[in-house]
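Here the protein sequences line up with chains S and P, keeping their order.
For what it's worth, this note's numbering labels the leading residue of the first sequence as 1, then goes sequentially.
For what it's worth, this note's numbering labels the leading residue of the second sequence as 114, then goes sequentially.
Some clues are possibly wrong.
Estimated spans, in silico, between C-beta atoms of each pair [said to hold, decoys possible]:
hint, chain 1, residue 1, chain 2, residue 2, range
1, P, P224, S, L113, 33 to 41 Å
2, S, G51, P, T194, 36 to 44 Å
3, P, S124, S, V74, 37 to 45 Å
4, P, Q172, S, T111, 37 to 45 Å
5, P, G195, S, E101, 16 to 24 Å
6, P, P152, S, Y18, 28 to 36 Å
7, S, S27, P, K181, 39 to 47 Å
8, P, S124, S, L113, 45 to 53 Å
9, P, E118, S, T52, 30 to 38 Å
Below are the BS3-like pairs computed for lysine-lysine, each with C-alpha atoms no more than 30 Å apart in a straight line [to be verified]:
hint, chain 1, residue 1, chain 2, residue 2
10, P, K211, P, K180
11, S, K11, P, K219
12, P, K180, S, K11
13, P, K169, S, K11
14, P, K219, P, K149
15, P, K180, P, K169
16, P, K181, S, K78
17, P, K211, S, K78
18, S, K78, S, K15
Hint data in this document are derived by calculation from the structure and do not stem from the laboratory.
Beta carbons are placed, not taken as given, at the ideal position from N, Cα and C, and that holds for glycine.
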Amino acid sequence: GAGVSQTPSNKVTEKGKYVELRCDPISGHTALYWYRQSLGQGPEFLIYFQGTGAADDSGLPNDRFFAVRPEGSVSTLKIQRTERGDSAVYLCASSFTSTGELFFGEGSRLTVL
Amino acid sequence: GEDVEQSLFLSVREGDSSVINCTYTDSSSTYLYWYKQEPGAGLQLLTYIFSNMDMKQDQRLTVLLNKKDKHLSLRIADTQTGDSAIYFCAERPGGYQKVTFGTGTKLQVIP
């Protein structure tokens, strides 16, 4: 597709479970970002990839959160031992231009019961 | 560190101008952005301004930047009901790729 694709669009899980969220960026975009958006808040930076490497993971809240981008395209955000406070919309964005314009997917809504 | 602040809510009548304000803290910000988020959708870039500019106009949108006061504004002329959305201000420091977003301003356009 032409845009950033995120799957699943909705995920309901139980506290303590493991979750994977997938992002398929725009073809050719070298930069990929993960953000988390809670209700009524702006997107909160989690991690940024340039190619295959995590250039900045300073926003990951704790070691339960991990993200990979093994081939420099698709990325997976992994959350271990989910907690109710992890409930949010997880947004992925990709970028190519020097101006840093981010192209966002529609997000994956995670609900932890 | 970076911090971007916005007022939470703005209500205007259709046809009037809307002005959404934003303050940021990082004086090294190179690019400043305005994104729009419609209900249930991802964010979409509306416009951006480079830090060496004071103003940028794009059709109904006018961005004003006051670097001294670290203040950014977005003016929407002839506001339409389709402009109802949440507007996010964002900044990116020079030489760095991390983009920091504000809390968003919800614009309500009254017919």
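Given the hinted pair P:K180 and S:K11, is their Cα-Cα distance within 30 Å? 42 Å, violated
Satisfaction of the hinted span 37 to 45 Å by the C-beta atoms belonging to P:Q172 and S:T111: 39 Å, holds
So does S:G51 sit 36 to 44 Å from P:T194, Cβ to Cβ? 43 Å, holds
Given the hint that P:K211 pairs with S:K78, test it: the Cα-Cα distance must not exceed 30 Å. 20 Å, holds
Could you check the hint for me, namely that S:S27 and P:K181 are 39 to 47 Å apart, CB to CB? 42 Å, holds
Would you check the hint for P:K219 and P:K149, treating anything up to 30 Å between C-alpha atoms as holding? 10 Å, holds
Is it true that P:S124 and S:L113 lie within 45 to 53 Å of each other by Cβ? Since the Cβ atoms of P:S124 and S:L113 sit about 36 Å apart, the hinted range of 45 to 53 Å is violated.
Distance restraint hint 33 to 41 Å, applied to the beta-carbon atoms of P:P224 and S:L113: 40 Å, holds
A range of 37 to 45 Å was offered for this pair. Does it hold for the Cβ distance of P:S124 and S:V74? Given range 37 to 45 Å: holds, Cβ gap about 42 Å.
Between the beta carbons of P:E118 and S:T52, is the distance compatible with 30 to 38 Å? 35 Å, holds
Restraint status (C-alpha distance of P:K169 to S:K11 at most 30 Å): Roughly 41 Å separates the two Cα atoms, so the pair is violated.
Mind checking the alpha carbons of P:K211 and P:K180 for me, to see if they're no more than 30 Å apart? 20 Å, holds
Hints 8, 12, 13 and 16, counting from the list given before, are not met by this structure.
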